[in-house]
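2 protein chains.
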Amino acid sequence: MAIHKKESFTQKEQDLAAFAKALSHPARIAILKVLAQRNECICGEIVDVLPLAQSTVSQHLKELKNAGLIDGNIVGPRSCYCINWKAFEKFTVDFNLLFNKLKVQNEKACC
Amino acid sequence: MAIHKKESFTQKEQDLAAFAKALSHPARIAILKVLAQRNECICGEIVDVLPLAQSTVSQHLKELKNAGLIDGNIVGPRSCYCINWKAFEKFTVDFNLLFNKLKVQNEKACC
DNA sequence: TTCATTAATCGTATATTTGCGATATAAGAT
DNA sequence: ATCTTATATCGCAAATATACGATTAATGAA
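Protein sequences, first through last, are from chains A and B. For the first sequence, the numbering used here gives the first residue as 146, with consecutive numbering after it. For the second sequence, the numbering used here gives the first residue as 146, with consecutive numbering after it.
Treat the hints loosely; a few may be bogus.
If several chains are the same, the list does not tell them apart, and a pair holds so long as it fits within one copy or across any two.
Claimed, not checked - Under the rule of at most 20 Å between Cα atoms (straight-line distance), these lysine to aspartate or glutamate pairs were calculated in the EDC-like manner: (1) Lys166 with Glu190; (2) Lys207 with Asp193; (3) Lys151 with Glu208; (4) Lys150 with Glu234; (5) Lys157 with Glu185; (6) Lys207 with Asp239; (7) Lys166 with Asp239; (8) Lys151 with Asp193; (9) Lys178 with Glu190; (10) Lys166 with Glu185; (11) Lys235 with Glu190; (12) Lys166 with Glu152; (13) Lys231 with Asp160; (14) Lys166 with Glu208; (15) Lys178 with Glu158.
In case anyone wonders, no lab produced these hints; they're calculated from the structure.
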């Protein structure tokens, strides 16, 4: 892949893709599910639930945090994470704007 | 990455992740946008619009098709694609089920 | 201070994705 | 039958992602 072409697309397309990318691994879906259920959760609890090594879970958490989907802060020697519902809302709205509006017009299949 | 762990997660988690993965590249978002606007579209028109080589676009279309997000059929020497709104609907519903319900309860941030 | 616990980061191996040119395929046109 | 056009597929190179063990850092407990 000589050169990266992602920059050639609109910011909105890139943002939406980045959001989807953060959700594109079952481990991260599972992490979000746990966080959604418990509202907040320390890292160790997530590690206990997932079939992955601690370092791998930490890496997935970092990606979710970088994508802005979760927040995290340190509580003593632990790390407490929770879903950033605001960012979540923004992206689901953008997603619906992009496709669901058009859906109403084009509901009929063509192929 | 010695072994793949994706299989260790629930089917729903895997399905949702696979859907998100199909959306995780701006080129594929752009393709879906074009298809949504025009309802149906032949491959060449998409190639003209995107800043990518024909073979690369064809590959992205294949991924979207494999993920079930678009349908395609051959019309003479061309390929006509369109969005599979039904599959789209299914996944957006699943997505909302997983997170939006819980959101109502947990709207307050914790971190 | 020393030890134990928790989690982030580093280094590394392997898998997957992305991208392109070249080639193959298949239909319609001449 | 040959040529043109449209698109899929192949083969390859480079970039990214995934996973883990080992290490580091930072806090609280003894």
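Taking the hints in turn, this is what the structure says about them:
no., hint, in the structure
1, Lys166 with Glu190, "neither (24 Å within a copy, 26 Å between copies)"
2, Lys207 with Asp193, "within (17 Å within a copy, 37 Å between copies)"
3, Lys151 with Glu208, "both (18 Å within a copy, 17 Å between copies)"
4, Lys150 with Glu234, "neither (28 Å within a copy, 29 Å between copies)"
5, Lys157 with Glu185, "neither (29 Å within a copy, 22 Å between copies)"
6, Lys207 with Asp239, "neither (23 Å within a copy, 25 Å between copies)"
7, Lys166 with Asp239, "both (15 Å within a copy, 17 Å between copies)"
8, Lys151 with Asp193, "between (36 Å within a copy, 17 Å between copies)"
9, Lys178 with Glu190, "within (13 Å within a copy, 40 Å between copies)"
10, Lys166 with Glu185, "neither (23 Å within a copy, 26 Å between copies)"
11, Lys235 with Glu190, "neither (28 Å within a copy, 31 Å between copies)"
12, Lys166 with Glu152, "both (16 Å within a copy, 19 Å between copies)"
13, Lys231 with Asp160, "within (15 Å within a copy, 24 Å between copies)"
14, Lys166 with Glu208, "both (10 Å within a copy, 15 Å between copies)"
15, Lys178 with Glu158, "between (25 Å within a copy, 9 Å between copies)"
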